[in-house]
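The two chains are supplied separately, each in an independent frame; assemble them into the complex guided by the hints.
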Amino acid sequence: MSTGLPNVRDILTAFSPSSDFFAISSGDGRIKIWDAIKGQLQTEFSDFAPSDSSSLLPEPKRGHLSLDYTCMKWVQLERKKKRKTSSSLLVLGTGSGDVLALDVSAGELRWKVNDCHPGGVTAVSYSVFHRCLYTTGADGMVCQIDASTGSMKGRCRSFTKSVSSMAISADGKILAAAAGRLKTFSCSDNKKLEKFSGHPVAVRCMIFSEDGQFILSSGVGERHVAIWKVGGGKKKSASCNLSMDHPAILLDSKKIDNDEKNGEGLAVLAISEIGVCYFWCGNSIEDLHKSQPTRISIFTESKKNLELAIYAAKLLDIPKPSSGQLFVAFGSLVKPSFQKLLVQCGSDIKLDDTKGGVLLPIGSFSISQKGQTIDMKGTVTTLDRANAEDAILPIPKLYAHDKKRKHIMTKSSVDIEKTRADPIGNKTKPQPLDRNVILQRMEDEDTICIEDKLRAAGIVAEKDDPTVESHSTSATSTTLDLYSGGKISVDANISSKKVRAQVSSMSSIDAFKLLEVLISVWKKRSQNSNHILPWIYYILVNHGHFIMSQESSARMLDGLHKMIRLRCSAIGPLLKLSGRFRLIMTQIDKSGNKASSDEHHGGGKAINDDNDDEFDDEDDDTEDEDIDELVYGEDESGSDEDDQDRT
Amino acid sequence: MMTGGQSFVSSPPTFSNDGKKLLVCTGFTVSIFSTSTGMKIVELEGGHTDCVTSVIVLPVAMSSSKLMSYCWTSSLDGTICYWDFDSAELINKVNVQLPIHSMVIPNISATGTDKKASNHYAFVSVEDVNISADENKALRGKIQIFNLTNSHRVGGLLAETRNPELLSVSKNGEFLGITNKRKLHIWKIPAKDFRFDEIKKIKLHHTKNLTSLAFHPNMRMLAGGDVTGRILIWIGFGRRKFARNSQIDNGVKDATDDENPGVRGGDDAASCSTWHWHSSAVKFLFFSSDGAYLYSGGKEGVIVVWQLDTGKKKFKPRLGSPLVYFTESPDPSLSCVSCANNRIHILKMPTMEITNSIAGIKLPFPFTVEHKGYRTRVAYEQTNGLVAVLTEDYCVQFYSLFDNHEVSEVQVCKRNFQPVDDVMLYVALVAISDDGSLMGTIDVKLPEESLGELISLKFWMRGSRMAEYSLSTIIYEPHSDAGVSCLAFRPGHGMAVTTSFGGEFKAWVHGSHFKATDQLIQRTGWRCQSVGSYKGKPLSAAAFSADGSVLAIAAETVITLWEPDTNILVAVIGDTHSPITELSFIGKSEYLVSLTHGSKPQLAVWRTSKLGLFWSYKLFAEALSSSRDESQFAVLVLINSPYETNVNEDGVILLFDVENPVPVATWMVKKAKGGSLAFLHANPSFHESEATDGEKPTLLVYVNGDHEYIIFDPHSKDNITCKNTQKSHLNLEEAGRFGYASLYGDLSKSNLKQALVPEITFVPSEKPWETIFSGSSHVLPPLTKLCTTFLASLLEKRPNIDD
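Residue numbers (the numbering used here), protein chains in the order written: chain A, 1 to 647; chain B, 1 to 803.
Bound conformation, chain B alone (with noise of 0.2 Å):
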């Protein structure tokens, strides 16, 4: 069992004490990175059992003689962990029972290392899962305070808010804030001895709503970012109401507040200004140490420098990604940036260099544009274990699934990507051949004021290395002005298949072909070899068979198999309720399975020899793949039940023996929507050489929504609680299966009786006779009946209107 994919940038990274180690939140983990090589140094693991949100490292105190590395963290999981990182040890947990989504603790620099174990009071950010999220207007984030060296909960709640937010904290731990639609919360902590009641609390309005927030290390100031991109500077806030410390607020109000420049609705601020430079939304502000600086990034992928003093602007601009976090480290000259796309820069500070990246998997980037088809944005080359995501600077990622690394990057589309610019282009579909040599890819440009739309289908050829393509073909527009819906290789031969949503399909072969112009060019690259279309009906999904001999083509809610290399269409197999989304075929044997969304979903298994169906189930199913050698698949279905209490796991992974509707093994698996699955065969990994001497077992991988992964074997019957994507392997007894097989019933035996009937009515589908009775099969009498009459009918007729 193998984890990876973790997102480096789910959470802002901290830095150690001495600005070599930098503590990244992966997923279940915190992975400890040296700055000066980029590598990963340690993992601290097995303390959490979901995300993680925040580290916090102790600082260190001048006393000792040895660097402290311990930190706190806090998860998903409602667990406060505290680690000695250096060891990666763990040494004590505080169960918050909440998922906690942001963790300050705001007086932790005044404690020293002498004065033992002084009380470190954390403020978290939790989600009360209690409460429904349908509800309206649920206050479900709540500010709480624990005292982690008892471990007891302190005071009340210190805020409600419709959804958690993330706890910002001045450097010397006096204050504490949070955004708030268009407002700003800021609490003043008492230094000394920390007391409940001696929190104070002030608001600031915007008109806007604020997205980030920063104090300024050393004076009384704080900036906030709205989602227009402005930054409001708020100097001398609560002079009023912190700065009469302990004394009953007599209610009289100051003279000078008539003066208070751009302070909205009687804030207690003294003044408030407004810079503007972003064009979109402020992801973060950081004050830098000195105080001299406040850094503001969003979007636009440009960090931007402002000289507090005279509002100078430096900028460190291409970092070809959105940018999220900021952090910078005790050692003034390191800093690092977390940018959207899975990566998290290290900065060398006055000149802001990159001196070290940190990457992982691209993250899933959602699309702009409203299309169907294509689904499935991610492909699996079998042969070296790897994973090729969409990426969304026009790129298709290659990652190691078993070494959690990346391997190359493809670019699809020579374009350099501006996180600002609209979206005009996109990939949309990228298949891998069976056996890695080949890539295909679709890349999408978007119309313009509905013109000028291009679809591009490019073949890529690998090169000598490991995922490395280069480009062998394109073919713009290959449907004409229809969508691709699917692209499939056919295993053992150089043919791709392409379908539309127009209604056509396309057999394309490699092959070096003369072209006999002026000069003969041997020419090698992809060529269309054959056209097909079935009734004019979209086309959605293709497959081909383990041997490559049988194409089956979805068209709407049946499937039609072609022989492949002379374009003939062999059966056609009827017919679905809703059209079908994804085909495959299942190991080597006759048996196809086929996925339908919409209305009535549907996971129905085919029977080729007798053309009908064997059985099926009603379940929206996700994502599908079936093993290579074994008559075995296994779909990813999606839980869209609202009796589902676990709002966590809305996914269930089935792995299906085709002979047998029941299934073998069950895995409630977390983030399933977007998400996929594939059998890999072979362990390739340099770790696991050894030990898979003998049978290679097939592994079956989980893809989930946000590219985190898990590999495991579907066959073994050890109970592990998996760590990344948390599920359960439940035993078929257990309820978890039969409560949701429940709901939806079992259909696999009815399905039985009727596979008979299309079977009879769809055979005969060349003859002449067909249009005449395009139609539902249900509502025409059988074929069978009406075939002598017709025939007659249309014997006679014809001299009777002669004459």
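In isolation and in its complexed conformation, chain A is listed as follows (with noise of 0.2 Å):
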């Protein structure tokens, strides 16, 4: 079968009653049987060998080709008495005539009629009223056969012609045959009942409705499935036609329950010749007639000759009224895929079939075509021991870590608040519930510093000073290093003679731009200003008129002004409120007299011009920085030490 189109016209297939088996003969005279529910080959018939040896010659073998199946129903001899184990019967036709019953379960032939229609047996099917089989064929017969047993029990003309299809309504009573046109008998008395014309061609494919309203039948090669309304009174041509793509080789359909008001709701399932499976469901017979099928077909994204397509499906529940539940076989023939579907009306399905089998080609082929379309089903994602690196979210701090912190930060904030007790003390209220907030408010006493009020003034702002963010603390050492001839560091403590030797034997130029990197760092704080202010002191009282002289330094200086004016006024409330503050303070006025002045008579030239305020509260101040720093940054201090032995 080369040609493009899957060919399923040749094929026969039928599910067992409980379908969990699936029989498919594909014209060769062998029959597999299909586990459904688990995908896999059960058995394969080849050639029978009567199951009762004794009673009968063995037949000669003649192979299996030699068996030309015509037509093949399974059916359930006894109903739900015993539900597991009911015994089911494969019936197949032959081209010869003959009519052979497999016990499929047992793997062996129950009985075979010979030559039951002379040139070849059409159709079959099955009575659960009368217990018994029909059969027509060829020569226009239809014969009554025992299903137990094999023994015929009647056979009556129906057409002088081939009869091509049959069907049987469930309650036993009315039989369908149709060569070209359609005939419905009775069969308790096989006498006709109804003529339905309108097929111009042999009748492919015929069924009852559940109810046995209705009879669907589809011609060989018309593309609509005829459905004729059973006792229709004079009009005898079709209700209603449902039209498809291509000739229906498959029928099967099931009632809507309505709540009686329309009455006739019917959902209808057919399986075109190339394998696309169409379903239409009603309301009434109107409805369906209108209504649009909904395709059911499989997906093959290449142009190959794949005979990929759906061999059988079954309607097997109506769940709600537009949507209709299927177990469909389809795939390669090679091996078939089953599958439960679920119908919804107007929204087309397209059956993925990715896997054919472990040696199949079909697995292959996809994974050579297209290089950039990397098929992303195969590949594994692998994580390592290190699978929590990359969380979404932020590993939430652990109990023992939020105490320690905890500890720590009560522990600070109880510092500030016994230096500066305004501006910390609410802050340190009893903390909230929500575990979010509380490390919401930690971080803003972390931060409550000199430096952030600096900020939010727009003291120091990022824009004031390039170098804060040319300069990091390891180039501040260099420079300092580089300047000092690399024998100085600006974090020792250095006495102030050694310091000022340091900077008189600068050169303004260097001196400058030590300032502006000693700034720098004041004001970035990695510094432990009690060293850096020193240097500024001397560098400011050194080399002034040059500092002075130079465009930038303004700017600079201005800021440094603002920066002491501003930790001024940020000590100033302080003063007034601790009484062991201010015992503190008179200790640092004696000790720090004779520094401060020096200041002030260097410094005064540059900033004499604003403050004119007082001079000692200022002088005070800037030593009360000074203490303020030594209290404040001793975690930095020490993570510079560190940093500066790495360096």
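To be clear, the hints were calculated from the coordinates, so they are not data collected in a lab. C-beta atoms are modelled at their ideal positions from N, C-alpha and C, and glycine is treated no differently. A hint or two may mislead.
Said to hold, decoys possible - Beta-carbon label-pair distances, calculated as ranges:
(1) Arg9(A) x Asn218(B): 51 to 61 Å
(2) Pro366(B) x Thr149(A): 26 to 36 Å
(3) Lys588(B) x Ser347(A): 24 to 34 Å
Said to hold, decoys possible - Below, simulated EDC-like cross-link-like pairs (lysine to aspartate or glutamate); rule was C-alpha separation at most 16 Å, straight line:
(4) Lys40(B) x Asp287(A)
(5) Lys40(B) x Glu108(A)
(6) Lys340(A) x Glu449(B)
If you want it as structure tokens, here you go:
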């Protein structure tokens, strides 16, 4: 079969009554029984030996190719008596006119009727009511065969020419046979009831609807399914035509349970010659006539000749009026797949048959085509032990850690409270329940400092001093090293004499640059200001004139001055609050008088315009800052030392 | 009500006379399979109410024109049934009263059809249930003889053993034997006129415990296999004692005594030789019908064919599972071998090629390594009504509960399973999301000399077909070295949570993310979304609420509730007496139910709105399942009561409505240890599709410790005694429940009062002083009292220290 479209016409299929097995015969005389639940081949019949070897002579084995099956039906003998082990027969008609009944589960031929219909059996159907099989064939006769024994119970002539299709209603009363025309017979007395004309060609498939009200039929080459009303009086034309793109080979229908208003809702399923499944449903015949089919087809992305088709389908259930539950067998003939589908009217379904089987070429071709589209189905993501590192959400703080942090924070906040009670004090209220909020607050506490206030005041902004960005801590230390000849570091406790000597030995340009660096460092608070301030002081003293002459210095000095003033203003209120603090201050005053006067003396030229207020206060404040830094910046200096150790 | 999941390999199968059918003991019924197709033909049901233990097919008489298809079956319910297995009809029933573990009918072959109903004598190995197993040296196994024609017991006891043993009989029915520890007991049965007095007995001794026994079909030869894998062949056994038929033993010893090579301690045998190939216990021995070969097999999964003449060996390897039984059919070209993985292979004989296999649900396998946590080895796929069981060969088997049929098998680890190898790897856990689209497995590679332990978590996505899963993501060591205790999927979201004994849980999400390395590769896979822990406590269970909005994780004795998206701890509910082992939300309600094991087992229902205990029972519950829609849940409770007389029924399924601590319904079940429960919604079976047009009833499925299951409607009021799991639908008024409930006492009322205490204690768990208060809640005074004073002390103390 090298033609592009798969040919489903010659394939005989049958589902077992409980839908757990699927029989398929592709014309070579082999019958394969697939396990529809597991999707595996259960067994295969090629030729049969009769079960009762003692009664019959062993037949000459003619080989499986001599058996030319024309129709197949899987019938259930006992109706729901013992559900699990109800015996079922696979009834086959051959082109030579024999009828065979296979007991599939036992794997043996139950009975065989030889030469039942000379010229070939064309249709088999089973009546639960009569517990017998009806067969018809090319001779135009209808035979009634006892299903359990295989004995002929009766024959009658229905047509003079070859009968192409036959169906029997569920209640076993009406038998419909069709050659070109469609006739119905009463099963009890074999009398002709009605005649329907309208099929110009031989009818390929025909079924009764569940309630026996309608006959659904489709002829060879006809691209529609005709629905005929049984007992519809004079009107003998089809009451409804459902059009298809290709001729139908298999039909199934199910009644839709309405609220008895419309009564005759019907869901119809058909499979076309090219293996596409059509599904209609309507609450009435008119409704059905108007309805558009829902197509179920197999999705094939390549143009290769892959015989992928839907071979058989069965309507299992109509859960809702506009949907149906199907059981379909599809895929390749070598390995059909079985799937239960829920079809919604109007939404076409493309079945995806990606894996035809482990050793079949279907799996491999999809990979070879198109390098860009990597099939993500096959790839497997692998994560190793560090799987949590790229967690989307932050890892929540463990309680133990939180404890530690909280203790640290409470401690520091208490310290802050001690020194400057006012701005921080209201922050250490009893902590609220929500943990997130706690964390938030803690951060606030962490960053409450002068620098932040400065930042908030817009004094320490990035644009103000480019050096903040350009010079990292290590850069600062290297520049310092450079200027100091690598011998003296800013951090070390150098005596003021040495600092003065160092500064005075510098050229004015170098000193100016150093000043810039130092100020930025001080603003950044990356170095202990205790050590930086003497340097600034001496630079200003020794190179004040040059610095003032520089254009850029004005802004820098202005910023320096503002910073000092802000620190003063921040600390000012504190002075009035704590008696203990005043005590410390007086001590500092005593010790710090000299230095402050010096600084004032040196730096006065630069800043004297602005601070016309109390000199004393300012002095105190500058010194006070130093102490404040001592308390506050312990961690930072420690970390800086670490940094320097590293560099 | 449906049953299924029966074991096919609990007892040896039997072929029919024409070799076309195979009679297999499947639970309470005998299933008849076709040997040519491997499909089930018919089932003999309705005769037995307990496991069928042996099937004996009446041999065909040559004169008869039709094939005879009659068989005797024995069962643990203490009856012997006579069937016509062609039409599946019960003909006769003989009551033995004691559970029959094995039955043979030695002289069955000697009877023809013309000699109509000549007496059949059945030798049955019964278990005397009147003698308690706890008694020291209790002889519970007894061998009795019954005349099957008139249903009377004949003679006295043939033997008494510690446990009921498997009977073996020679093909001509002349000899009967059992293995009894290190001895073989052999009896000679008079062939013609059976009289009890004429039964003679010899003993053959060995140094190891014997496990199997087989008689040669036409020579006076027998083979015995022992636990170490040796096969002993005794030739000419019983010549002295059995030969002197009807003569009085004069006690004179033969002179040939010393010349018996290999025969131990004056045993009555001409010679004894030992063959050795097997490395572990010989499970079966079988002489071929022509007597030329001996088949043996065991844990290796290899059938060894010994040529008796030359001692040459032939092998049939790679059967993939330990072997249990071997049977030959009357048709010499067919035989079958039963494997421990619940599979019967039908072999074409001279070549030993497998022509067909009959397979059932995979049986539970014993974990060789004791490990906690991985208790449930069964998961349910709700949408299709499948159960997923873990198998020994590193697979997850999907089994359709409604169809009683295997659906698929997903290999979790790419390894070949060798039964003899030490267990190095096992699949420990499987979980399936509610819609069945996702599966998660955990496999554990055991450490070699405490090195190289590897736990890997795998996420699988369902393919287009039912129960077809493909691997999506492998995560090695999801929790570093700690074992994973639980895996739960979030309903309606592509999220899963694993909890570990190491004290952390991780939420995994599925999605596509870009990995910006060299090239942008879109990866769809699972990755860790968040990590959490609670006080470093080992986490043992996790559950999502029905809408997926709340994640409950059991941290030892308390239940922590989390917001799964943001990974925020919402609340803590505590606390139980011992660590929680299982946790579940009840339907869409606000209630949680938890199970605890240990010395103080507890079944507790918690109310999440009040963060407290609602009611509880002191029960040892094995499994728990909650209905998705209704506010009902079912627990499987183990009865370990010494007062319980009925040993068989060791479990009770209790169905509770959450509002009421009195169970709605109770059922007694068997083999509850290792069992599990689940509510199934739809009934997607093909058979039932018409029957359940309207509302689909919620069904409860119970899978017992042997993977047999029963599906029933918990709300139906019919009082059906189920066949398979033998449950009696007890009404609430019946003594069964109250006798058992009164044993433990009804704790629910007192607990309602207690519920207030933990509620207060544990709500403010976010406070910083929490660590200082580590300790049992009942020891500490209530926090409401402590809070203010402690806070005050905190605030005051610090300045003092600093000063």
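Hints, verified against the model:
Against the hinted window of 51 to 61 Å, the Cβ-Cβ separation of Arg9(A) and Asn218(B) comes to about 60 Å, which satisfies the hint. One distance hint, 26 to 36 Å for the beta-carbon pair Pro366(B) and Thr149(A), is violated here, with the actual separation near 51 Å. A hinted range of 24 to 34 Å holds for the C-beta pair Lys588(B) and Ser347(A), which are about 30 Å apart. For a cut-off of 16 Å, the pair hint linking Lys40(B) to Asp287(A) is broken: about 44 Å separates their Cα positions.
This hinted pair checks out: Lys40(B) and Glu108(A) have alpha carbons roughly 13 Å apart, not beyond 16 Å. Among the hinted pairs, Lys340(A) with Glu449(B) is inconsistent with the structure: their alpha-carbon atoms are about 50 Å apart, more than 16 Å.
The earlier numbered hints that this structure contradicts are 2, 4 and 6.
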